[in-house]
Amino acid sequence: MSAACHDDPAPERGAPTGLRRIALIGSPNAGKTTIFNQLTGLRAHTANYPGVTVTRSEGMAHTPAGRVAVEDVPGTYSLSAMSPDEQVVVDLLDGTLPGCPTPDALVVVLDATTLRRSLTLAAQAMARHQPTLVAVTMLDEHAARGGRLDLPALAEALGVGVVGVIPPSGEGIAELRARLDRPQDWAEPPFPPPADSEEQTAWVRSVLAAADYHAPRPDATTRAVDDVLLHPLWGGVVFVAVMFAFFQTIFTVAAPIQDTLQRGLGWLAEQVADHVGHGFVGAFLSEAVIGGVGSVLVFVPQVALLFLLIALLEGLGYMARAAYLMDRIMAATGLDGRAFVAMLSSFACAVPGIMATRTIGSSKTRIATILAAPLMPCSARLPVYVLLVGLLVPSGTRWGPVQAQGVAMFALYVLGGLSAMVSARVLRSTVLRGELVPFYLEMPPYRMPRLRSVLLSSWSSVRMFLRKAGTIIFGTAVVLWALLAFPTRDAETIGLDQAHASAYVLEHSYAAQLGRAIEPVFEPLGFDWRIDLGLVGAVSAREVFVSTLGQVWAATDPEDPSAALAEATYLDGPRAGEPLFSAPTVVALLVWFVYALQCMSTVAVMRRETGSWRWPALALTYLTLIAYAAAWLARLITLAVTT
Amino acid sequence: MTRLADVRSGAVVRIEAIDPEVAPLLRLRLTHLGFRPGEQVAVVRRAPFSGPAVYRICDYDLCLRQEHAAHVIVGVEQ
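Line by line, the protein sequences are chains A and B. Its first residue numbered 1030, the first sequence is counted upward by one per residue in the working numbering. Its first residue numbered 247, the second sequence is counted upward by one per residue in the working numbering.
Treat the hints as calculated values from the structure; they're not laboratory data. On a predicted model such as this, the values are computed, not experimentally measured, just so you know. The reader is advised that the hints may include incorrect statements.
Claimed, not checked - Some residues of chain A that are not near chain B, with every Cβ distance over 12 Å (derived):
| id | residue |
| --- | --- |
| 1 | Gly1047 |
| 2 | Ser1107 |
| 3 | Ala1141 |
| 4 | Pro1160 |
| 5 | Gly1193 |
| 6 | Tyr1242 |
| 7 | Val1271 |
| 8 | Phe1275 |
| 9 | Val1329 |
| 10 | Leu1337 |
| 11 | Tyr1353 |
| 12 | Val1431 |
| 13 | Gln1434 |
| 14 | Gly1446 |
| 15 | Pro1478 |
| 16 | Arg1545 |
To be verified - Label pairs and their calculated CB-CB ranges:
| id | chain 1 | residue 1 | chain 2 | residue 2 | range |
| --- | --- | --- | --- | --- | --- |
| 17 | A | Arg1496 | B | Gly256 | 29 to 37 Å |
| 18 | A | Pro1130 | B | Leu271 | 24 to 32 Å |
| 19 | B | Leu271 | A | Ser1458 | 55 to 63 Å |
| 20 | A | Ile1547 | B | Leu271 | 47 to 55 Å |
| 21 | B | Ala257 | A | Thr1289 | 51 to 59 Å |
| 22 | A | Ser1458 | B | Arg249 | 20 to 28 Å |
Even glycine gets a Cβ: it sits at the ideal position worked out from N, Cα and C.
I would like the entire structure built from these sequences, with the hints used as guidance.
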């Protein structure tokens, strides 16, 4: 297989040319990915299929005779495509995907408990006249629920090889592995299944009868649990409780780890200052490297925990229930129940939120979700909101029993959430209108997920977050640091103390020139060049705004930058001498941060997940325009109210 | 003519056909999901406010929206 098939150029991680290629096909929840993980271990490589929003997962399986490349084809109920995303699966099997040769053989993974439905998929696969093998999973669960199935008879009726696989115990994996070596020896069905869908129904019945198939009883525990969890009233109550516990865990469990990380980074910066000094190298290490990488690192515990909980809820089967409960509300926004999971993740960070849209079947719904996700109040906005709300509302202000700062924070969250819903609605009725793919969702029985699967799935997401976010934020941190620190002005600052020297360097830095250059743009919003500089820094990531303002005002008053911030006045221009962080300016800034797409990681992940620059460009444009207009309006309203 | 979307929760019905007016690809998808003429389908539960419903078809539970369940034509309650 060639590197042209991959979105990112990492040919050394794909399968070398000339290896036998096996495609794993199966419905969602059939246990396909578990088999894939067992066959390939941790050596899987994920990327996007060219041009579409489908993740491709490929790995190597060690077989008795050597190695084969195994491709985990996205889960599907049907091999007839209804959307470009589904077409990828068909093209992949046809070998018409650029750079991806036709697989040498197909392994169809079928869940024994749903054989009546999934045999249709086997019929479609066998109709392709490629060597085909059937792997039957969930045999233990099938038997436990009173089902019956004669595997040798099933193999005879189908006319192809059948392997029973029980992934938890690894049973059948060795046999499957051994068979992967010699697909040319796999049996050809003497009578291939009919292509016509009505005749297929009759074919499925006859195969099931021949295999002495008795359907399992519905899972009694699942039914009983669903009676509560999907109850019109109690289902909603439990849902809210689960969501509450979800965020409590993310924020309370992650917080001490984040504090420890922050302290560790602070200690590291001190060590650098002590041992490397305050010179050029020391400043670069402590401000750009530790500060830049640190701003990403502190979010990792939260993101890892988020992925872990989502993988756990997904594995248990609760995510499908949450999607069922939320579908009515999501339908009002033009999205569907599956989009809810993505929106939920976006509360922590839009990057994992956008990555979570992969489960959405319809590509238009998926892109609308991706474009609306950055409006969800993510945790990177939190430090910005805390700082600005602190400037707007004195701490301790109370309106009756409620704390005013809390109300302001809550209002910002509501504004963000509502805006996300409205923009999804607008996108779905304009540029992303319509779509044939219906919303359907299997409600699998509740199952205890395997720890290994949960860890594996969350680790692959965390790794992606680290790689993408780490490189981009680190890059901008370095650039920003250089803009603030250069030119060095050694000659001019001779004889000044350190505080005055750094203030002088800052005011004459490239960054200051940049800030002053864009000052006219933001002048109507009441921002001066120092705030603009914060916004420029925050283009990479929102929380950088806080540290940039910190750096700027630390130059003014290194002892207490936050006090200096509160007392800041306009330095020049018609407003010179007036307080800078007046209510209208702060409100405009807050509203700006509600809407503006100030996060390069999000832009990068949008590009990655949609496969084109078109959608991130659209998101950047519409969110920036809305941010500017809304901030301007908010300033006017606040001015009218306060004067 | 009864449509699956109109069947009360708890009822079991037999599928007679998929609405011939429906786009061929959507018809095929519903068939692949198990909505085949002759199969039995039970309405397990319905979400309030005309939300989606859970159906038991081909030995599994599937959540489908009203608008799509309306494409499935079913016989009288059994």
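These are the hints, each one checked on the structure:
Every Cβ of chain B is farther than 12 Å from the Cβ of Gly1047 (chain A); the closest lies at roughly 35 Å, confirming the non-interface assignment. The beta carbon of Ser1107 (chain A) sits about 4 Å from the closest Cβ of chain B, which is not more than 12 Å, so the claim that it is off the interface is violated. Residue placement check: Ala1141 (chain A) does not keep its beta carbon more than 12 Å from all beta carbons of chain B (closest about 10 Å). Every beta carbon of chain B lies more than 12 Å from that of Pro1160 (chain A), the smallest distance being close to 23 Å; the non-interface claim holds.
Residue placement check: Gly1193 (chain A) keeps its beta carbon more than 12 Å from all beta carbons of chain B (closest about 18 Å). Not every C-beta of chain B lies more than 12 Å from that of Tyr1242 (chain A), the closest at about 10 Å, which undercuts listing it as non-interface. Distance check on Val1271 (chain A): its Cβ is at least 17 Å (rounded) from any Cβ of chain B, clearing the 12 Å threshold; non-interface status holds. Remark: the non-interface label on Phe1275 (chain A) is consistent with the geometry, its nearest Cβ contact in chain B lying 21 Å away (cut-off 12 Å).
Its beta-carbon lying about 34 Å from the closest one in chain B, Val1329 (chain A) satisfies the requirement of being farther than 12 Å from that chain. Residue-level check passed: Leu1337 (chain A) sits 25 Å from the nearest beta carbon of chain B, beyond 12 Å. Interface exclusion of Tyr1353 (chain A) from chain B breaks down, the closest Cβ pair being 5 Å apart, not more than 12 Å. The non-interface label for Val1431 (chain A) is consistent with chain B: the shortest C-beta to C-beta separation is roughly 31 Å, beyond 12 Å.
For Gln1434 (chain A), the requirement that its beta carbon stay farther than 12 Å from each beta carbon of chain B is met, with the minimum near 36 Å. For Gly1446 (chain A), the condition that its CB be more than 12 Å from all CB atoms of chain B holds, with the nearest at approximately 20 Å. No Cβ of chain B approaches the Cβ of Pro1478 (chain A) within 12 Å, the least distance being about 18 Å, so the stated non-interface status holds. Listed as outside the interface, Arg1545 (chain A) is consistent with that label: its C-beta sits roughly 55 Å from the nearest C-beta of chain B, beyond the 12 Å cut-off.
Separation of Arg1496 (chain A) from Gly256 (chain B) is about 51 Å and departs from the stated range, judged on CB atoms against 29 to 37 Å. Separated by about 27 Å at the C-beta atoms, Pro1130 (chain A) and Leu271 (chain B) satisfy the suggested range of 24 to 32 Å. In this structure the hint that Leu271 (chain B) and Ser1458 (chain A) lie 55 to 63 Å apart at CB is violated, the actual value being about 23 Å. Distance hint check: the CB atoms of Ile1547 (chain A) and Leu271 (chain B) are about 50 Å apart, consistent with the given range 47 to 55 Å.
For Ala257 (chain B) and Thr1289 (chain A), the hinted distance range of 51 to 59 Å is satisfied, since their beta carbons lie about 57 Å from each other. Checked against the given bound of 20 to 28 Å, the beta carbons of Ser1458 (chain A) and Arg249 (chain B), roughly 26 Å apart, stay inside it.
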